[in-house]
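S.K.: Chain A is fixed; fit chain B onto it per the hints.
If you want the building blocks of each chain, they are given just below.
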Amino acid sequence: MKITEKEVRYVADLANLSLSEPEVHKFQADLDEILGHVERLNEIDTTGVEPMAQVLYAGGDTARLRADRERPPLGTETALANAPQPGNGYFKVPKVIER
Amino acid sequence: MDIRSLSIGKIRDGLLARRFSAVDLAQETLRFAEAQNPATNAYLQFSPERALSAAARVDAKIARGEDPGPLAGVPVAVKDVILTKGVRTTCGSKLLAEYVPPYDATAIARLEEAGGVVLGKTNCDEFAMGSSTENSAFGPVRNPLAPDRVPGGSSGGSAAAVAQGTAAVALGSDTGGSIRQPASFCGVVGVTPTYGRVSRYGLTAFASSLDHIGPMARTVRDAAVLLQTIAGRDPLDATSAEAPVPDYTQSLDGNVKGLKLGLPREYLKDLTSETGDLIAAGVETLRKLGCEVREIGMPTTDYAIACYYIIATAEASSNLARYDGVRYTFRSQASGTLSDMYRHTRGEGFGAECKRRIMLGTYVLSAGYYDAYYLKAQKVRALIARDFARAFSEVDAIVAPVSPFPAFKLGEKIDDPLAMYLSDIYTITGSLAGIPCMSVPCGKTAEGLPVGMQILAKHFDEPTMFRVADAFERARSN
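One line per chain: the protein sequences are A and B, in this order.
Count the first sequence with our numbering and you get residues 92 to 190, in order.
Count the second sequence with our numbering and you get residues 245 to 722, in order.
Okay, chain A solo, but in the shape it has when bound (with noise of 0.2 Å):
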């Protein structure tokens, strides 16, 4: 087994995300067998071959910076607009620190 319910649990936690009991049944099984699958990765010998974290093109740069200019911002009624729960210009939360 690549994975347990325990580690499924885990993971979910790191994820935040709430998992009925079914869903961690059937999670741990999906995760299992795509990670058997995923395995086969270890066949091939990798030495000395940089990770690619971006598509390189060959020559010029993948990434380029705008130049550094002031542009109007959306305003805050305008970022608030699809808030579950916007007050006094700010998004609402359930309270974090008790007085």
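The reader is advised that the hints may include incorrect statements.
As the list claims (entries may be wrong) - With a Cα cut of at most 20 Å, we get these calculated SDA-like pairs of lysine to any residue:
#1 Lys623(B) <-> Gly612(B)
#2 Lys338(B) <-> Ala172(A)
#3 Lys183(A) <-> Lys623(B)
Stated by the list, open to error - Pulled a few chain A residues facing chain B out of the computed Cβ check, cut under 8 Å:
#4 Val102
#5 Asn107
#6 Ser109
#7 Pro113
#8 Ile135
#9 Thr137
#10 Ala144
#11 Pro164
#12 Tyr181
Stated by the list, open to error - A few chain B residues that don't get close to chain A, going by computed Cβ distances all over 12 Å:
#13 Glu310
#14 Phe382
#15 Arg531
No wet-lab data here; the hints were simulated from the structure.
Model, not experiment: these values are computed from the prediction.
Where a beta carbon is used, it is the ideal one built from N, C-alpha and C, also for glycine.
M.R.: Same frame as chain A, now just chain B:
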């Protein structure tokens, strides 16, 4: 005027000859699309106000004697992962069911600037994760050519709209095959341009080192014209490429004599017999056109799925972290503490496939596993890219199947995630290498299911890719 077969060129001619107005065309297409939509569920919503005001701008330009732009009056369907200011953009997710973007994606701004008319937003797998469009929170899309079958995915709604004739062209997005595979299943043209060729500003991020926006159309020419209008450097996307955009229509001259094409033998071994026969016939057509086709070896092909599903899920687990109940419309009612709110919002909001990929991505990035999985996959990715570089030192382009099989039945693979992932085998390799690749119709099975041929070229060599696809399309229609 038959809306279902209108091309960009015919629309332009009709507008300039004053046979119809852009507003007439937009209204008629909207009416037709709304009537047809229940059969496929291709559109999640229409944007009539936006469409009619864009069309009116085109008509006003024509009335003033100005050039109305290369996409003048063209009805465009847009995959619902691409942001449209003021028009709901759901990404096929319950989490974003009410999300109204405050800005336009650059691709949208550019196509409207060119005279394009955005008709509405198309259905897709949730956050573009899937190969069948069955992972949408708003119900699956049906293949317009075979209603009991999937249209492919994740850009299944865009492919179905173009095939059904409820849009002239469409925008899709592709991370591992999400434009090419549905194009193949629905019998239309789908293009994944070179990584960085089209700005992703306003494309909802899935896997940032692999995400692309690209055109879908009924002809190679229309796909080339649409790509032309959206391609090029964008200061708002640091990964968009500086390379100049050539005039793609110049390469649509039918002249492929002497071009060297590679046929990777690893891409031929798992095809259904009908797909294999159609691809073989397609290769024969290219030979008759004067192409020199030779078998080539791509030894890393068998490792591409494993490599992709590590890299794509790792990036997805980071990109989807932002959907936490604070900023984007949906928040679970079962929220006690801040931490509970995050967990329940995500648990209730994401569908099964997104959760599975978040889990896999979080796992492969977690302490103790990073080197064994993520770093290893990035090294294998370099070897896959090297396979392509070696191939392109010998051939001008590569031809291959898009998918091992034609459109499968709704429900057939949804309970077997690995089988679903394995169906992306021939499209994922090109995505990992970041090269331009496209699907062009190659014929139909006895049952009438379309099969696409894939054409892949070097970075930024869209002209050669389009040249081959266009010559092939002409030969097939003769």
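S.K.: Would you settle whether the hint for Ile135(A) is holds or violated, based on the nearest Cβ-Cβ distance to chain B being less than 8 Å?
M.R.: Check passed: Cβ of Ile135(A) comes within 6 Å of chain B, closer than 8 Å.
S.K.: Tell me if Tyr181(A) is really an interface residue toward chain B, meaning its C-beta lies closer than 8 Å to one of theirs.
M.R.: Interface hint status for Tyr181(A): violated (10 Å vs cutoff 8 Å).
S.K.: For the hint on Thr137(A), does the least C-beta distance to chain B fall short of 8 Å?
M.R.: 4 Å, holds
S.K.: Between Lys183(A) and Lys623(B), does the CA-CA distance stay at or below 20 Å?
M.R.: This hinted pair is violated, its Cα atoms lying about 43 Å apart.
S.K.: Does the interface hint hold: is Asn107(A) within less than 8 Å of chain B, judged Cβ to Cβ?
M.R.: 4 Å, holds
S.K.: Identify whether the interface hint at Ala144(A) stands, where standing means a beta carbon of chain B within less than 8 Å of its own.
M.R.: The hint holds - Ala144(A) has a Cβ within 8 Å of chain B, the shortest such distance being about 6 Å.
S.K.: At 12 Å, judged by beta carbons, does Arg531(B) keep clear of chain A as stated?
M.R.: 30 Å, holds
S.K.: Do the alpha carbons of Lys338(B) and Ala172(A) lie within 20 Å of each other, as the hint requires?
M.R.: Holds - the C-alpha atoms of Ala172(A) and Lys338(B) are around 18 Å apart, at most 20 Å.
S.K.: Would you settle whether the hint for Ser109(A) is holds or violated, based on the nearest Cβ-Cβ distance to chain B being less than 8 Å?
M.R.: 3 Å, holds
S.K.: For Lys623(B) and Gly612(B), compute the direct alpha-carbon distance and say whether it is at most 20 Å.
M.R.: Holds, at about 18 Å.
S.K.: Are all beta-carbon distances from Glu310(B) to chain A longer than 12 Å?
M.R.: Correct as stated: the minimum Cβ-Cβ distance to chain A is 29 Å, above 12 Å.
S.K.: Hey, does Phe382(B) actually stay past 12 Å from chain A on C-beta?
M.R.: With a cut-off of 12 Å, Phe382(B) remains clear of chain A, as the shortest Cβ separation is near 18 Å.
In terms of the numbered hints stated before, the structure departs from hints 3, 7, 11, 12, listed from lowest to highest.
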